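K.L.:
Required output: the full structure, derived from the provided sequences and hints.
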Amino acid sequence: MSGVVKVRVLYEDSRRGADPMGLHELVMACVGDETKRPVWDLNKEVEAIPRNSNSHVLKELGSVDGAWVVALLDADRIRSQPTVEQQLKLANIVPSVATPGDVVRAVRALPSAGDRTAVVLLVENCETVIDAVAECVPGLDPQTLARARRKKLAERDIVLRKAAYAAERASRDCVLHAVPSLALLRDKIRCALG
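Quick note: the sequence shown uses numbering that gives the first Met the number 0, first residue 0, plus one each step.
No wet-lab data here; the hints were simulated from the structure.
SDA-like, lysine to any residue: derived pairs with alpha carbons at most 25 Å apart: (1) Lys-187 to Ala-74; (2) Lys-5 to Asn-42; (3) Lys-35 to Ala-165; (4) Lys-43 to Arg-160.
Here are the simulated distance ranges between beta carbons: (5) Glu-46 to Pro-81: 22 to 30 Å; (6) Asp-64 to Asp-186: 16 to 24 Å; (7) Pro-19 to Asn-124: 16 to 24 Å; (8) Pro-99 to Gly-61: 16 to 24 Å.
Predicted model, so just to flag it, every value in this text is computed and none were measured. Just so it is clear, CB atoms sit at the ideal spot from N, CA and C, and this is done for glycine as well.
P.N.:
Structure, rendered in structure tokens:
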């Protein structure tokens, strides 16, 4: 990556080898739609960092070089993370009934979080995005879609890229409407870029 990295996006997700993540490609296409900048140009300033679990993301919330850190966490499991659970209990909040705002505040209160850290909860998880793409993007192969829903990374990336590279912005806007937390992630990145 060339240029100065302004934003690092920590994903709970994993990546196949050195391939770009389909979810990040979709998010960056949405950022590009809003900023009117080409994705290749945005990618000079925004770095995707897959961490394969919420717990790994939580360990890396702080910025080491002044860049913003935007953490995308799966809402379906984050409440049970020991460090988040402890923060919720310190605030006298029962983890099982914590609101998304409670959880975000608990994550931001962790010692690993810095003042240039933004947190987004993906409601519920990446499969929610896959389902939205299935509804919003015509012409998806049913077998590829079925494998993507079974968490097969290659097929998941294929499905997410169909939305990322759809000729019409309307397909991506439909996904953002169906998954408002993805729209929030787009907005956090856009704001962090300045």
